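> Each residue of the sequence shown is one higher than the one before, starting from 870 at the first, in our numbering.
Heads up, some of the hints might be wrong.
Derived EDC-like pairs: lysine to aspartate or glutamate, alpha-carbon spacing no greater than 16 Å straight-line [stated by the list, open to error]:
1) K908 / E985
2) K1115 / E1041
3) K1115 / D1086
4) K908 / D935
5) K916 / E903
6) K950 / E986
7) K916 / E884
8) K916 / E883
9) K916 / E872
10) K950 / E899
11) K1115 / E1046
Because the hints were derived from the structure by calculation, they are not lab data.
This one's a predicted model, so the numbers in the text were calculated from it and none came from an experiment.
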Amino acid sequence: MQENTDRDLGHSSEEILNECMVLSALQSTELALEAGLRKDQIIISCKVSRPRDLIAVYRDLARRTDQPLHLGLTEAGMGIKGLTWSASALAILLNEGIGDTIRVSLTPRPGGDRREEVYAACEILQALGLRSFSPSITACPGCGRTTSTTFQELAERIQSYVRTMMPIWKLEHPGVETMSVAVMGCVVNGPGESKAANIGISLPGTGESPNCPIFIDGQHVTTLRGTYDELAASFQKLVDDYVARKYPARADMTPIT
870 MQENTDRDLG
880 HSSEEILNEC
890 MVLSALQSTE
900 LALEAGLRKD
910 QIIISCKVSR
920 PRDLIAVYRD
930 LARRTDQPLH
940 LGLTEAGMGI
950 KGLTWSASAL
960 AILLNEGIGD
970 TIRVSLTPRP
980 GGDRREEVYA
990 ACEILQALGL
1000 RSFSPSITAC
1010 PGCGRTTSTT
1020 FQELAERIQS
1030 YVRTMMPIWK
1040 LEHPGVETMS
1050 VAVMGCVVNG
1060 PGESKAANIG
1070 ISLPGTGESP
1080 NCPIFIDGQH
1090 VTTLRGTYDE
1100 LAASFQKLVD
1110 DYVARKYPAR
1120 ADMTPIT
């Protein structure tokens, strides 16, 4: 700080603190090596709580060391704020090939599920095409064209079902984590998104006939009708059938019952 003032270097306090953090990380790594640790026993983590600082620090580290880097925005906060701040920084760095391990640090609500951190980290990696952990569920946000919350309830039900089944599916059906499922709420975007997914359903919107076309691998294969529970059960069975057919069990796998 004093050198910046004396020499009128024009650096902001944030830039100086970030530089000090990088220097500290590099010096600590050298000391660890001198103390007898191997390079493959060291991973560098810098605790930063603002996205722009995290990006700046890790870009600098990536230029100055080949040590593995752990990414994580510390003290990111709760809920949407924590998720948004974490994703905005981690996604940029990961897309640039920076980072070897990650954590999404979220403050849980009282009694909240700490696994949400893991789910969020998995979704970031999957969104960037770096890893696949579970089938992705595409669902529209809803608008004036959608007549009820049926598509929202069905999307939530299918997502919950997929998450519940994944421990079994991953053992019995290799590759199922790359599957995509679409649950759409009207004819405007429904058929297009459903065709683009491995399996999709287009629910009726305002003024549409009470039919639900089903698309599998881009082809319209059937149309469902009925109550919400009937639609949910029928579509869930179609998903099960698709998984069994598209991702056959390994020859050495005994089905789990």
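> Take the hints in turn and mark each one as holding or not.
Here is how each hint holds up against the structure:
Of the pairs offered as hints, the one joining K908 and E985 is violated, with about 32 Å between alpha carbons and a cut-off of 16 Å exceeded. With a C-alpha separation of about 12 Å, the suggested pairing of K1115 with E1041 holds against the 16 Å cut-off. A threshold of 16 Å between alpha carbons decides the hint, and for K1115 with D1086 the separation of about 10 Å falls inside it, so the pair holds. Annotation: proposed proximity of K908 to D935 holds, straight-line Cα distance about 9 Å (limit 16 Å).
Proximity of K916 to E903 is assessed by CA-CA distance (about 23 Å); at most 16 Å being required, the pair is judged violated. Note on K950 and E986: the hinted pairing holds, with a Cα-Cα distance of about 13 Å set against a maximum of 16 Å. Taking the CA atoms of K916 and E884, the gap is near 15 Å; set against the 16 Å cutoff, the hint holds. Between K916 and E883 the CA atoms are separated by roughly 14 Å; this keeps the pair inside 16 Å, and the hint holds.
Proposed proximity of K916 and E872 is contradicted: the alpha carbons are some 24 Å apart, above 16 Å. Using a Cα cut-off of 16 Å, the hinted pair K950 and E899 is violated, with the two alpha carbons roughly 36 Å apart. Distance restraint check for K1115 and E1046: the Cα-Cα separation of roughly 12 Å lies within the 16 Å cut-off, and the hinted pair is therefore satisfied.
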